[in-house]
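Trainee: These protein sequences, in sequence, are chains A and B.
Under the working numbering, the first sequence has 13 at position 13, and the numbering climbs by one with no breaks.
Under the working numbering, the second sequence has 1271 at position 271, and the numbering climbs by one with no breaks.
If a hint is listed, it holds; no wrong ones were tucked in.
Part of the chain A face toward chain B, derived, beta carbon under 8 Å:
(1) D15
(2) G17
(3) S24
(4) L28
(5) P58
(6) A66
(7) V91
(8) A96
(9) C115
These are calculated hints, taken from the structure and not from any lab test.
Here a beta-carbon is modelled for each residue, glycine too, at the ideal position from N, C-alpha and C.
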Amino acid sequence: MQSLFGRSLHIRTIDTGSCAVCESEIRLLAAPHYDLHRLGFFFTPSPRHADLLLVTGPAVRAFDQAVKKTYLAMPEPKIVVAVGACPLGGVYSEDAFVHGSLEEVLPVDVFIPGCPPSPLALLQGLLVAVGRLAEKVDALSFVDDEAGTGEW
Amino acid sequence: MSREIEASRYRANDGVEYLRVGMAEVEGVVEDMTKAGTRLADLFGSMEDEELVIRLVYGREPEPSYAVVQWPVRGGGYPPLSEVAPAAFVEECEIYEQFGLKCSGAKGLNRLVVPPHAAPDFPRLAHRPGRQAPPPHAPHYVTGEAIEFPVGPVRGVGQESLYMGLVTSGEELIDLYLMVWHKHRGIERRLQQLRPQQALFLVERAEGLSAVGNSWAFCRAVESITDVMVPEAVERTRAVALEFERIYNHAASLAALCQATSLTVGQAQAEVALEELLRLNAAAFGHRYLFGVLAPGGVTRGPDVGVIRERFTMAVDELRRVAAALRSTNSFMDRVEVCGVVSIDDARRLGLVGPVARGSGQDLDTRRDHPYGAYRDCRVEVPVRTAGDCLARMEVILAEVETSAALVTELVQAGLRAGSVDLPPAAGAALGWCESPRGESLVWVSLDREGRIRRARLRPASARNWRAFDDAARSRNVFTDIPIIEASFWLTVAGFAR
Ligand code: SF4
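Next up, chain A with everything else stripped away, as it sits in the complex (with noise of 0.2 Å):
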């Protein structure tokens, strides 16, 4: 993590409908027993410096522009991690207020289970998910094929 991210991955949190818990464990990651800034993370107000974001809540349909709005303005490589069972389904099945999954919205490469997952749970699936940006970054060309290949 230190060498691809230079010490450091941006964090962006939004709520797509959750009963508040989830945020209340989220906000702890910062808390003296957890610190997560020791692991290199960092939250950031704004999508785009953020390499992750961190999603709650059962994606409320109502929503779905801004959840959008949110992710396509992170920059590449970009990663979704979904906290919760609200996400994953768990709590409210698919219908006219919600999507159910998060999936419906946006692609997630995490999902970290629990109701509300503890915060070592968060650390946890945000360490998992270092790894697939990891794999994201590795898959990045970072030529420029536009440029074509001149030689220089």
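Knowing the structure of chain A, use the given hints to seat chain B with the ligand on it.
Mentor: Relative to the frame of chain A, chain B with the ligand by itself:
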């Protein structure tokens, strides 16, 4: 009061007085109640045999009783209640959104939980036949020197989605309005047709941070209908869970207050206390947020009393240390004093509950005023402050931590037990109440003959107290005060939008 009204008065299983009136008498009854200073606690609709019935719930403190006034709506409209009782406005909007019924001569109504881009068939609690989708809600105009500054709906780290329209002329806040439809999950609608045992799962998740408070109110309503008596030691277990919930919420509110005032050291300390309390919840009851502890008819798990004896005082002491440190930090006290004032008048007029009301001179607490369960045998001290600012609310929650701690010790000593009574099938309706960390939580349940829910009305304290947020924010505050006010209210959007 006329003789017919007297004749339709009866006291039910839940100890609540029911008053059936006709459309013509409603206005008079509401006026009488308001004049007598009775507190309007809720207003909601329910479809019964193709007919819309509206109910008003009154709390008659200091008298230990609730009164429910109900009438069937025949022909369109009902009298504009918010003109006499301003506390009713939000619910008038709600009845319009959910049932398509406006009170007669209604002024502009606000949007609550139906999204602006909702299709005509967006699910509501009822569609009145032959009606079109409600026309657009009251437009919001900002003119003159002021501008509107939108915040949200996607907000800061670990914050719930909420849209705040801040109207400002520069720095000072002139007006503020909220939109919460991003979080509407249609819980009341989902509850219909479920059995109470199944429904509890969703009731807890309507507002997870008040899971015990709301589900206890729900359980009490169901137990009144089915006439189930919960053993005393089991009721005490519930009360311990509720006091645990109150203490961790107050710790969380304190941490949020520190964060909002950029007091990182204080925040870290409060979060240490919060984490200890959550771990204690998990060790004693098996869940950090106490989900799944209550069940209709009893509790599913008995707490580990040894763990409570061993760790409870330590965890609360941690919180006490934070409180003492904050009280002697002038830069902190300066920020919370005279910030976000809710006047005593507003608190009464808007029918606020919980620490927000108690910080504004309202001496209300259902544990003392409408004793239930284990609180029948306990003396509950109710701290009240009158300044109505963030400091007053903080003082109230700190004092409540002490009363909760004393209650826990008392309850544990009296003995706790797990276990639940099976619910016999029964039809009927009843009101349940409970003092959640955010204040009075009300649940009205109606069961059909198969014991399924016909209508469950959830009214968490958050649904009530947000209506004072704009008043508090407006009172001579600047932008940066808003997070402080929000932390001191400590409400959830989830509970409001449901
Ligand atoms: S997963 Fe559970 S705890 Fe998290 S928001 Fe959903 S209901 Fe609440």
